[in-house]
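> What follows is each chain in one-letter form.
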Amino acid sequence: MIELDQVQKSYQVGDRAIPALHPTDLTIDTGEVFGIVGHSGAGKSTLVRLINLLERPTGGRVLVDGEDVTHYDAAELRAFRRKVGMIFQHFNLLSSRTVADNIAFPMKLAGIYSKAEIRDRVAELLALVSLTDQGNKYPSQLSGGQKQRVGIARALACRPTILLCDEATSALDPQTTQSVLRLLAEINRELGLTIVLITHEMDVVRRICDRVAVMDGGRIVEMGAVTDVFLHPEHPTTRDFVFESENVDRDELQQDLQHAPGRILRLTFRGESTYKPLLGHVARQSGVDFSILSGRIDHIKDTPYGQLTLSLVGGNLDQAMAEFEAADVHVEVVR
Amino acid sequence: MMDSLLTNVDWVEIGWASWDTLVMVGMSLLFSVLIGLPVGVLLFLTGKRQLLEQPVAYAILSFIVNVLRSVPFIILLIVMIPVTVMIIGTSLGVAGAIPPLVAGGAPFFARLVETSLREVDRGIIEATQAMGANVRQVIFGALLPEALPGIIAGITVTAITLVSYAAMSGVVGGGGLGDLAIRFGYQRFQTDVMVITVALLVVFVQLLQMLGDRLVLYFSRK
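Protein chains in written order, with the numbering used here: chain A, -3 to 331; chain B, 28 to 249.
Everything labelled a hint here was simulated from the structure, so no lab data went into it.
Do not rely on the hints blindly, as some may be mistaken.
Said to hold, decoys possible - Below, simulated SDA-like cross-link-like pairs (lysine to any residue); rule was C-alpha separation at most 25 Å, straight line: (1) B:Lys75 / B:Ile152; (2) A:Lys104 / B:Pro65; (3) A:Lys104 / B:Ser247; (4) A:Lys133 / B:Phe167; (5) A:Lys79 / A:Asp25; (6) B:Lys75 / A:Leu49; (7) A:Lys111 / B:Phe167; (8) A:Lys79 / B:Asn161; (9) B:Lys75 / A:Tyr7; (10) B:Lys75 / A:Gly10; (11) A:Lys104 / B:Gln77; (12) A:Lys297 / A:Val44; (13) A:Lys133 / B:Asp240; (14) A:Lys133 / B:Ile152; (15) A:Lys104 / A:Arg117; (16) A:Lys104 / B:Val165; (17) B:Lys75 / A:Ala13; (18) A:Lys111 / B:Arg163; (19) A:Lys133 / B:Leu244; (20) A:Lys79 / B:Glu153; (21) A:Lys133 / B:Arg149; (22) A:Lys111 / B:Val165; (23) B:Lys75 / A:Arg52; (24) B:Lys75 / A:Gln8; (25) A:Lys133 / B:Arg241; (26) A:Lys104 / B:Glu153; (27) A:Lys133 / B:Ile166; (28) A:Lys104 / B:Leu79; (29) A:Lys104 / B:Asn161; (30) A:Lys104 / B:Val147; (31) A:Lys133 / B:Val243; (32) B:Lys75 / A:Ser6; (33) B:Lys75 / A:Leu50.
Said to hold, decoys possible - If you anchor each label on the Cβ, the simulated ranges turn out as follows: (34) A:Glu113 / B:Ile115: 48 to 54 Å; (35) B:Leu244 / A:His231: 52 to 58 Å; (36) A:Arg246 / B:Leu244: 53 to 59 Å.
These figures come from a predicted structure and were not determined experimentally.
C-beta: ideal position from N, C-alpha, C; glycine also.
Can you build the whole structure from these sequences, using the hints too?
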């Protein structure tokens, strides 16, 4: 478990302190995939680097499994960092070392593993990230997705319990992003690793995170289960991210809504209710006619969800709304 | 036919002069690297926003390097005489030329090392720290291997600079090809000696550059 207790960070510029992170409380549970979203400069990079103390907090405490890591001496800090893997947007592999040597590097630094142990572990990790045949290549000979896989293998070398991902998929194309995210989800599931992932893409959060914090101006402005935050965003920044990830142009949507007749509702289905033939049923029961203005059916991690914007005309509207709610569908009156 | 064109050329003399140049450049390069490399690493590490940021140490080190680099070599050669006598016992000959060559070469090389270390992606240093490396491991495990091609290119440039510095060592009786060119080619108007020594120096520099380029290519994995 990672706990941030009133952790803050500011940078001294001249005689002024510029805050990068305002005092923040945050608890990340063991084994969860925790997403941190924000625009660049929102403080998310700082936040993630405060966890393994690449950045020193200017106030507050960082507790990992109950221990305050900010008071560690140099040796304790190095031992702690071996238990916290980290992967980066630009991979940060050593160009002078082969793939296998890059993966072996943290184990060599640790100085507590035998040559045989290192060799076996490297082979095991190469297999895990599906790069068994690439061990003798240099990073420059690999594609972006392969480089990130090497980064992941390297981060896992010393069997960490936490994996920090700093914009790990931002430099990758959409297809490669998917395969890297699948790998991360697999690692989380099979190794029980806690993953803290920062990104500016809500889509990444939607695919693999359990919970998410949205950051803006050095503060966490919204936090919760991904399904809640995604389907019912409260803060304007969160709304921006969600709309952006759904490719919705808000002005266009407003215009479309203006032309629609009757009552406009936004229905949100989650889990099982997503697949129920509800619309036709409710329409028959209540006598309302409906047209679909916009809609989306997708998954948030493993949970299917649907979100439909309907315009409803005639019939018994109250009855229709009651029936939707009775079927566990969230109803929001847009107009 | 060759002999009639090169009447003044004493090939034994040329041979000894070439050997002297080789010894001066080789020895001074060795010591320039041995001294310049750690100084360059220190310059880098104590620099702004680096691992061991130390503004005062950096300012002092940087000042010494700049002073040595701003003194023209021909002057350095003379200024260094007492120091050379202290180290070598004499300020004359090939051995007497080496300390001033190192005094000129080491700070030059140190700056080149500092520059090539700065070219190493900061992310690599950060990643290495995140793996639990201490400063020594960051330097020897990541910084130096990653900067190796740049450092080799720096050694090449330094070697070539030392070749031209060594030509001035005649001032302290250092000998070598450059000295020969000045004493015979210039002062005694023996154009043939001038042509041969210059040609040999050109070949020498070409060989150094080629060797350096090959090594850089071999160690570059980018």
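> Run through the hints listed earlier and report the numbers of any the structure violates, in increasing order.
none
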